[in-house]
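Heads up: the protein sequence lines correspond to chains A and B, in order. So that you can map any letter, position 356 of the first sequence is 356 in UniProt numbering, and since no number is skipped, the others follow by simple counting. So that you can map any letter, position 39 of the second sequence is 39 in UniProt numbering, and since no number is skipped, the others follow by simple counting.
A couple of the hints might just be wrong.
Stated by the list, open to error - Listed next, the stretches of chain A that the computed footprint assigns to chain B, with coverage defined by at least 3 CB atoms under 8 Å from CB atoms of chain B:
| no. | region |
| --- | --- |
| 1 | 218-226 |
| 2 | 253-259 |
| 3 | 343-351 |
Bear in mind the hints are in silico, worked out from the structure with no lab data behind them. Built from N, CA and C at the ideal position, the CB exists for glycine as well.
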Amino acid sequence: MEAAIAAGRQGYFKGFEHSTMATPCRRRGGPSTTQSDDAGATSTKGKEALRLSPGQRAREEPSLTHEAASMAQYKGSIASPWDDVAIHYVLICTQIAHGRPADAFQQQCQLVSSFVRFFVENTGWTLPALFSILRDLRDLADDADGPMGEDSKMEAARVVAKTFSACLMDRTSPIEESRKWGVYYVVGLVMKCYFKVKKIALTKNILKALNNNNEIPALEDYPRGHQVTYRYYIGMLAFLDEDFAKAEKELTTAFYNCTIRSPNNQTRILAYLIPLRMLRGHLPSKELLKRFPILDDLFSPFISAIRSGHLAAFDDALTTHEARLIDLNLLLALEKARELCMRVLLRRVWLMLDKTTRVHLKFFEAGLRVSGCEVDLDEAECLVANMISKGFIRGYISHEKRMVVLAATNAFPLPSERSAPYAYV
Amino acid sequence: MSSSTTSKPAENKPAAAEKPKETRQAQLGVLEEDDEFEEFPAADWDDGQTDLAHLGGAAPGAAKSGGDKLWEDNWDDDDIEEEFSAQLRSELTKVNTSGGGAMEH
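For reference, chain B alone in the conformation it holds in the complex (with noise of 0.2 Å):
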């Protein structure tokens, strides 16, 4: 009862062994509702510690992440092509000739 909040260990928590029915279900872990942030193991760190580096000097949070490989701002695909396409490429096909009316006008 008592301790089993405060000494459980911080990490490998055995998630799946609460949850056993929802396999499929994402595996919380850490986020599973109980768990608070972690005290960290040490006050202070320097830059190398962190992923600022990632930032290349960019202010974090900027409109474009520029040169950030954690985010992607520009992820329009134009040549999609899956299962998804073809249905939508289809029904379109059919709504045009259906309808009489041209694509443009």
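Only chain A is shown next, with the shape it has when bound in the complex (with noise of 0.2 Å):
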């Protein structure tokens, strides 16, 4: 745990000019605190701005009432807002190297609300400023929460969607240099926070703010960086809701528009892209599965089993990675993809009776028991006729005869090509 804080104090003071105390990631725009000098008019205000949260006071008083009035004699002394941005940011870092996430949390909070009290009168040439700061506060959350702990991560989602605001309101700046480049960025920044305290319903008021706007430019015309995740999380959605055309459409553009060096959030795609077009009748290439180890691990026994038509692997397959299989919120759509099994099954039991048009249940019935599936003749038919009417099959059924008679063609079209694939499912 030390080393974790250290760790986290060490990157927080490098600090604004490349990487967050969490993410080793690098950071696109200026610093915040360097900018300082383009500002504009003088400070005049500011005297809450080192103003402590009632929780700060009640615990820490004594010392960080002190480090906030050593603080105080720097206020004015570069232009506002960036002296009490700066003044915030040094205050943050002293409380990070003492272990008080929480506090740094709150500092932050105000540092925020210091920093979009210039953005918003501004045009959006700060917008790499405002991301690096809300990524920090949202990373000084994560860590004022601690593993368990969820309201300083729903207080940041509440900062992070009020800058969206403050994107989304500009009437002023031309086009090219507007505050709105920043709302697909913030919005997946406010999704980012909310699936991970998995209260993802809460997300519904800032996307209808988003999708009732229509002065924003095109999500096509934002850095690749900003759709992808976008995407990212608006197929997830989709996915949730068990709109599986939507998220197929969302994550597959995610996808191929995603730089294939973030391996990692590659892999967070396909691992609900894959089993969305698997149900589609589309199996990922053994290319694609080679350049993803753990996907490969995960599917391929799924992929294997329905190449064969072999519902007992399917099922084991199943069983073996249930718990895993839960948790990624997986388990739905890749027992809805055992059809695609049962398929390949069926349709292996017409090839060996020679493609014929017309198949005595009962052969179905054996197939299926052959592939673990105990079933008698009026179950075989039952399913039998729900895969007629998926369209996985083309034919009827006799009931009196007990026979399948098949098409003449295209008895069993390739799954890919079924119009809607996903209204049965």
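Hints given; two lone chains; assemble the complex.
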């Protein structure tokens, strides 16, 4: 734990320039502190900037007050609001150094609000700095909450959501300098916050505000990083909502636009895209799986069971991976993919009967039995009827004769050729 | 405690160390529940750094995977021969002879 805090602290001191204390990522834009020279009018306000939250006062009053007071002399030494921002920043560093993540987080909230006062009155040139301090805010919220808490992350989400409005409500800047170029990044960050605390329903309001606004540039015109993150979360929301068609569309676009330099993010996208595409009848190629060993491990048992029509092997894979699949919210999608396996089994029975157009149900029943599916003739009939209704088999069942009458051509269409493949899942 | 979720390196996480018992479970690595979509190393990049080239100009998510080598939309294999095939064949033959009915009508 000490090591973790020390690592975090070190990262933070490297600070605004390149990385956050949490994610070893390179910052795109300049630090808010170094941009302070360019800022506007001199400060006359900001007394509240150094005010401490009640929690801070209760626990740390002597030292914090002292720290804050000692910083107050620097007020006005550079243009407002950058003096406030800089003072907050130094105090945050001090609090992190003293192992007070909750105080650091509260201080960062105040830093954001000082910054936003400048932000809303200017064009979007400070967007990189906004992104940077919001990332820090979220990371500090994580540290303040510890492994179990969520209050700071909820608060962080609210603060970030407020800056969303500040981005969206830019009616004066020329479009190329508009604060609107920040909306997708900020929305991505809000969704990240709410996903982390598993309160995804709370994303609805901000997404509604985003979708109701038709004055923002097209998503495709934003930096790819913003697009991909946004589409990943929209795709995930659709997936969890079982809107598989939309989920597949968003995650497909996210995957193909994602940089190959972020294989971890590609893995996360594919973890959901692969099952979605399987349901559509597209299997991931060996070439794809080879690039992502984790996904290869997870999905290969299912894929080889589908290819051979071996239901028992498919069910084994479901049982073996059940816990993980539940954690990843993937169990339902893979259970539905079992129909592909069933289709291959029934097709193989038909192939072994030399592709006859009439197959007695007892053969399908036998095939199901060999595949580990103990059914009687009625159950077999029911399963075949389902496959017909879902477009996996073209034909009909003569119930009196217990006979499946198959189309003379294309009796087992490719699953990828079915129209509206998600309509039946 | 606190920093553990955020200060860990994004890659090469010792996922195995956390769940030593489940040796044959898939090692989920970056897919561990705790993990999340990462910040990109840069805000923007060009086509050359994506998988778009695999599409060969087709729209992503088209019904046919076309030249996209990452997916297969026609994977029916009419000549699989493995243990399961043999079992299936023998069972079908058994049903055919014992039931007295011809395979075709």
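**Item:** Check of the region 218-226 of chain A against chain B for coverage (Cβ-Cβ below 8 Å, three residues minimum)
**Value:** Satisfied; 4 residues make the cut.
**Prompt:** Do three or more residues of the region 343-351 of chain A come closer than 8 Å to chain B, measuring C-beta to C-beta?
**Reply:** holds (count 5)
**Message:** Just to make sure I understand the rule, a stretch counts as covered if three or more of its residues have a C-beta closer than 8 Å to a C-beta of the chain. Does the region 253-259 of chain A meet that for chain B?
**Reply:** With 6 residues closer than 8 Å to chain B, the region 253-259 of chain A meets the three-residue bar; holds.
Violated hints for the displayed structure: none, as all numbered hints are satisfied.
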